[in-house]
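Letter by letter, the chains look like this.
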Amino acid sequence: MSTVRFYIALIAMVLASCSNEVVYDVGTLEPSNKGNKTELKDDLQFMSIAYRDLFGEEVPPDVLSTMRKAYISFGDKELIIDEIVQTMLVSPDLDLPSSAAIAADRSAFISDTYRKFLLRDPSDFELAFWESQLIEQTDLTAKDVYYVFMTCQEYKYY
Amino acid sequence: MDRRSFIKKSALGAASIAVPTILPSGRLFAATGSRRANHVVFCLFSGGVRNLESVLKNEGNLMPHMLKGNSSISTDIAGSIDAMPSSPLSKTLQEYGTLFTNIKFSDGPTGHFNGHTSAITGQHTNSNLSLRTNPPMPTVFELYRKHNSPVHAARNAWWISHSNNLYPLLNHSSHPDYGLNYAANQIAPNPFFGWDVSTNLRHELEFTDQKASTIKDLQAYMDSNFKKTYSLNSGVINSADDREEMVAWMTEMQNKRVTGQLNNPWSIPSWMSGDQYNVFFAEELIKKFQPELTVVNLFNVDVAHENFSEYCNALNRADYAVAHLWDTIQSTPGMKDDTVLIVMPEIGRNLNANSIIDQNGRAALDHTNGDPMARDVFCMVIGPDGVVNQDSVNTDLGATVDVVPTIADILGFRQDIDVSLPGNVLQSAFS
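Residue numbers (the numbering used here), protein chains in the order written: chain S, 1 to 158; chain D, 1 to 431.
Keep in mind that the hints were calculated from the coordinates and are not lab data. This structure is a prediction, so every number in the text was calculated from the model and none was measured. Heads up, a few of these hints could be off.
Said to hold, decoys possible - Result set (DSSO-like, lysine-lysine): computed pairs, CA atoms no more than 30 Å apart in a straight line:
hint : chain 1 : residue 1 : chain 2 : residue 2
1    : S       : K69       : D       : K288
2    : D       : K227      : S       : K116
3    : S       : K156      : D       : K227
4    : S       : K156      : D       : K104
5    : S       : K77       : D       : K288
6    : D       : K104      : S       : K143
7    : D       : K227      : S       : K37
8    : D       : K227      : D       : K256
9    : D       : K216      : S       : K37
10   : D       : K216      : S       : K77
Pulled out of the complex, with its shape left as it was, chain S reads as follows:
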């Protein structure tokens, strides 16, 4: 009897120790081909992830604090998110692919952009669509494309 209790207690301890610690680290997610994101990012997640996606580093606390202050101080959230995205995209610290680099390998730029922002590879159709856009719209810059990705619905989810 005491042996049975011991094993029950041991199993309970193991389960409890597993369930108490939750680690959120979306940076470890691997690209998916399915795009079946279902969870809406909250405001802090959106701003933190957007910064990391663009700058390749964690958002500094003071930058996040400023973005969050702007976000919670105004009721039209769509408008403020747009402002925040634009602010990040015009930052002089942002290192963007040049037009020449994009033209040299459009497929790679598009695939990288899908992975960077949507955590998945583009479908063959998506890849073909974007390649044709980059060929036809010669003035499309990396900044423009990033703006499109960061303001699309899929980017609001994870």
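Chain S is already provided as a structure; the job is to place chain D on it using the hints.
Same frame as chain S, now just chain D:
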């Protein structure tokens, strides 16, 4: 095309879906009742103000711009009261309307959020009121928007909060028949137009017409490949035109902040308080949008928890701010002679002081449920002669929950409200 125009164009499609042509109530245009005025500004003179220091003038007249009387300020605290500029008004605010001296916060905990919620919803609250979610009963903004014209309605309702602490939650409720679709625009100007946000959130992408069109098409393509599983909480929904005006106004204010044009714009001899800046931004917003319903709150008097003399000083500063607000309203085309201003603290403060003594030997004041004085406040209803009774004092018993039905009465939608409101219209204010 600049970015503003791009936002406007790209938002057109979304707005046409998000803003119903015919609201769920089935109503399309104005409310059934006649209006007393077309604009209401409700100034929550909040932070907890006792009648003793306001209308009863126990320390002398600390509110000389709002209240009649020349009684001298108590000598021991007089040195702590900062000088304000001379009044922009030709007479006291009280003389432009009716002063109610016997208003009760009759039910619910005497906390700031409960007081605000009660004043803005017209409902009593209790200790179960959540501090994390929107209130359960519709706010005056939702009542106004649902039971009035939907045309440009969101830009006509503004909640201008002194701070971000809890108060942004009060621009709409979680009520299933109201909620986000009828929310007010909300702004906390002091943090939003602070230096850090103003210097960092003012850059813009610029798009040519052709580029804007291309980006719009690309966004539509991206969204066509993604099926949303949830509704996005996008906050209050504005039309594309209104959003464009708001961004322009924001940018103007932020530019002024960065270029130093917002350093003491009222030329207060010492400095401008947070309350005064909040009213300043409310005035700028009123001049820009001429909203039909504006609620703005003050908060600095809550320093009373730790410093009685500074509480009196904050009261004196708030008094000047409200007079300045009324002067701006009367100088704003579209608002002049067509606005009713309601001023009321959300709660009072205790009769009995706490143990914190200030520099003048005065004891500080809390606001607790068991002290009846924490439930006593005043209310001032100011408006055009012929609409509001001028220079009148009313001592009848009223309640803080009376303000919402009074606003509904002024704006002509009182009889359209289908939720029960415990308060009554402050009828004796009106001619």
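Status of each hint after checking the structure:
1. S:K69 <-> D:K288: Status holds; Cα separation ~23 Å.
2. D:K227 <-> S:K116: holds, 20 Å
3. S:K156 <-> D:K227: holds, 12 Å
4. S:K156 <-> D:K104: Roughly 46 Å between the alpha carbons, so the hint for K156 of chain S and K104 of chain D is violated.
5. S:K77 <-> D:K288: With Cα atoms ~21 Å apart, K77 of chain S and K288 of chain D stay inside 30 Å; holds.
6. D:K104 <-> S:K143: violated, 58 Å
7. D:K227 <-> S:K37: holds, 9 Å
8. D:K227 <-> D:K256: violated, 42 Å
9. D:K216 <-> S:K37: holds, 23 Å
10. D:K216 <-> S:K77: holds, 19 Å
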